[in-house]
Amino acid sequence: MTLDLIVAQLFTGVALGAVFVLLSTGLSVIFGMLGVVNFAHGAFYMTGAYAGVFVLALTGNFWIALVAVPVLIGVMGLGVERFLIRPLYGRGQDYPLLLTFGLGYVLIEVVRILFGTDGMPFETPPLLSGGLDIEGLGYFPAYRLFVIAMTAALMLGLWILLERTRYGLIIRGAARDPEILSVLGVDTRKVFLLVFGLGTGLAALAGLLAAPMRSVNPEMGVAVLIEAFVVTVIGGMGSLLGGAVAGMLVGIVVSMTALWMPEMSEISMFALMALVLLVRPHGLFGRGALAR
Amino acid sequence: MPMCAASISAKGGPAVADPLLEVRDLNAWYGPAHVLQGVSLAVGPGEIVALVGRNGAGKTTTVRSIMGLIPKRSGSVRFDCADLSARPTHERFGRGLGYVPEDRRIVPGLTVRENLVLGLLAARLGKAAEAQAIEAVAQRFPRLGERLGQEAITMSGGEQQMLAIARAMLSNPKMILLDEPSEGIMPALVDEMADLFLDLKRGGTSLLLIEQNVELALEISDRAYVLDQGRLVHDGSSADLLADPTIRDRYCAV
Chain U
66 MTLDLIVAQL FTGVALGAVF VLLSTGLSVI FGMLGVVNFA HGAFYMTGAY AGVFVLALTG
126 NFWIALVAVP VLIGVMGLGV ERFLIRPLYG RGQDYPLLLT FGLGYVLIEV VRILFGTDGM
186 PFETPPLLSG GLDIEGLGYF PAYRLFVIAM TAALMLGLWI LLERTRYGLI IRGAARDPEI
246 LSVLGVDTRK VFLLVFGLGT GLAALAGLLA APMRSVNPEM GVAVLIEAFV VTVIGGMGSL
306 LGGAVAGMLV GIVVSMTALW MPEMSEISMF ALMALVLLVR PHGLFGRGAL AR
Chain F
0 MPMCAASISA KGGPAVADPL LEVRDLNAWY GPAHVLQGVS LAVGPGEIVA LVGRNGAGKT
60 TTVRSIMGLI PKRSGSVRFD CADLSARPTH ERFGRGLGYV PEDRRIVPGL TVRENLVLGL
120 LAARLGKAAE AQAIEAVAQR FPRLGERLGQ EAITMSGGEQ QMLAIARAML SNPKMILLDE
180 PSEGIMPALV DEMADLFLDL KRGGTSLLLI EQNVELALEI SDRAYVLDQG RLVHDGSSAD
240 LLADPTIRDR YCAV
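In order, the protein sequence lines correspond to chains U and F. Just so you know, we're using our numbering here: the first sequence kicks off at 66 and counts up by one. Just so you know, we're using our numbering here: the second sequence kicks off at 0 and counts up by one.
Any given hint could be a false lead.
Unchecked claim - If you want a taste of the chain F side facing chain U, the calculated C-beta under 8 Å gives, among others:
| hint | residue |
| --- | --- |
| 1 | 104 |
| 2 | 109 |
| 3 | 116 |
| 4 | 121 |
None of these hints come from the bench; they were simulated from the model. Just so it is clear, CB atoms sit at the ideal spot from N, CA and C, and this is done for glycine as well.
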């Protein structure tokens, strides 16, 4: 086994991890704030990839898609929260869970009807189709570098939003105690709405970014949803840093196992999850006190 | 002082000519349990009014209903010339109705400063004005001022209570509903709190005060309502209630 093979696989793992990070961040923020276990998250990821196909066919410009897709699907998320999930608040966690579970299937079926059951090709954007060749270390595809950089920038931006701005203070406060925020004059329904939209937008962006790396088909969100849940559990429900660390960890573990024991790569993340939960039952960065 | 053109005339009801807060025929339910049964009360501008009664009499439910926090309720709430009966909680705050809940509700994970900033969010101040307002709190409550960067839930119960009251005061509300502010607090701090309430009154802020400590409540309040099993059983001046122990012994003994 040569060094450049290991490096290449490690790099693939980090790029894969970046997609997991984006996906689990949305999942985690929605759960942490709204207490909603969002089973439609994988479907939002998938619709993100398809919206990318659509916008790309319309404009032929990947950069427009990069902005338009999270906005489009994020707006769809706003509608879902406002009209489907909001009426279920205060009825227990299983109501929104069942609703989003069903919604996921509806979205998959709608995409099958509109775009067919076969997969769709998704070309790597021309500007990012090359790669970086580092002598003695290996070849790094530009698109994967872009996905990693984009994820890092987004996570940093999100961290600044949450920890350094008043909006972030409102979100953190409302995640812990929505009632006291409403008593202090904050319309918490609006906060919930925007957070759900943000989470769905992130899922859609993850789907779009993953499209050139993984295949685009109506079922692409099904497996990835499980992966995102695993990442969220490993990182600790509701923890931003936990999701970032765990996403990278899972991506690397999966792709490294694929190198040494390909037949084990599918279950390696579950083994990792079991191991983490044995040592830290609330996940790596979970406090366990967030659940109301 | 506001004169409400559309104020409901007080026919056999609250003995306040021009109330800031006027609650009429408030009913509230927890599931099938009818816990508030037709409570009417009023608080005038700059008045301290005590709401006393046994545990479970419905005091907390009354103020939570006034804030719109009980889902199943009926009756009307007028505040500062506006009918708030159907308005959401955050709008009631926006009208100048502050509330310090029984369990203080200091937000965990946030510092003392961040908890205070929560009280200023609705005011939408600039950074400078916000810092100025926090500085004023630090001056008035030195114990909070020393701990601005500390995680708020690590403070003592009394300090947390001061923080909860300071947070509610920051937006200069016209009225504050206080639920058991002296509960579990050392006596020296209770005196400090009583002074603070009298200060607020002098500044024109009305208070509706729920207290287990009936003596304290009657000493600093102008008038009092006595609640028993979800109904008002007595109202009158606090001085009279303080002088006549029969009603207190009947309805307020713990």
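Evaluated hints:
Evaluation of the residue 104 of chain F hint against chain U yields a held restraint, the C-beta minimum of about 4 Å falling below 8 Å. Interface hint at residue 109 of chain F: satisfied, since its Cβ lies 6 Å from the closest Cβ of chain U, which is below the 8 Å cut-off. Taken as an interface hint, residue 116 of chain F checks out: its beta carbon lies about 6 Å from the nearest beta carbon of chain U, inside 8 Å. Satisfaction of the interface hint for residue 121 of chain F is found here, the shortest Cβ-Cβ separation to chain U being roughly 3 Å, below the 8 Å cut-off.
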